[in-house]
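Please construct the entire structure, taking both the sequences and the accompanying hints into account.
For the sequence shown, the positions run 220 to 394 when the numbering used here is used.
Rather than coming from a laboratory, the hints here were simulated on the basis of the structure. Treat each hint with caution, since some may be false.
Stated by the list, open to error - Here are the simulated distance ranges between beta carbons: (1) 328 x 263: 12 to 22 Å; (2) 340 x 298: 36 to 46 Å; (3) 340 x 292: 41 to 51 Å; (4) 243 x 347: 43 to 53 Å.
Said to hold, decoys possible - Under the rule of at most 20 Å between Cα atoms (straight-line distance), these lysine to any residue pairs were calculated in the SDA-like manner: (5) 222 x 299; (6) 224 x 318; (7) 268 x 322; (8) 237 x 284; (9) 224 x 329; (10) 393 x 260.
Ideal Cβ placement from N, Cα and C applies to all residues, glycine included.
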Amino acid sequence: MPKVKWIIDPVHSEIEFKVKYLMITNVIGRFDRFDMTVETEEEDFNTGKVWFSADVDSLETNDHERNGHLKSPDFFDIAAYPHIIFESGNMKVDGEVGEISGNLTIKNTTRPVTFKVDFGGVTMDMYGTTRAGFSISTEIDRKEFGLRWNSILEGGGMMVGDKVRISGEIQLVKR
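Here it is, written out as structure tokens:
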């Protein structure tokens with residue numbers, strides 16, 4: 220079967236993260252610059268292999284000071300580790316649901332991660348370009364990736380939660 224390459228449409232895609240802050244609310248952030256390619260056999264996403272990279276310097280939480288702290292050596296250390304990388308081993312899509320398993324690398328620490336996938340389908344746009352859409356989500360423990368900074372609150376508890384929810388709306392373009 221012929222291999223098909225898909226690339227991300229960054230205008231119609233987004234990657235976000237959510238983490239507990241002060242143990243009472245969530246901070247939501249996003250990466251504004253990222254790249255993704257998917258290789259499938261024909262248009263069968265059950266055979267897909269995924270490669271993804273996020274530019275950590277593009278991190279945005281709507282708070283300039285917090286953005287700077289997250290980019291510092293306390294967290295992502297973008298001078299030493301400018302990218303977050305995900306490479307899949309397996310992509311399984313059965314109808315509208317599936318999963319993508321692979322290795323996520325943050326700060327030179329690689330761990331296996333599985334993303335839940337909601338497959339939106341494949342369609343052709345008004346210009347004759349074939350597109351595919353996915354919603355993805357997973358949860359990681361940030362400390363497993365070397366993101367260990369925290370502060371104890373006066374009333375007890377920690378300033379930043381350990382669990383980070385990662386989600387994305389992905390639109391791919393067939394090449």
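Identify every previously stated hint that the structure contradicts and give their numbers, smallest first.
The structure breaks hints 1, 5, 9; every other hint is satisfied.
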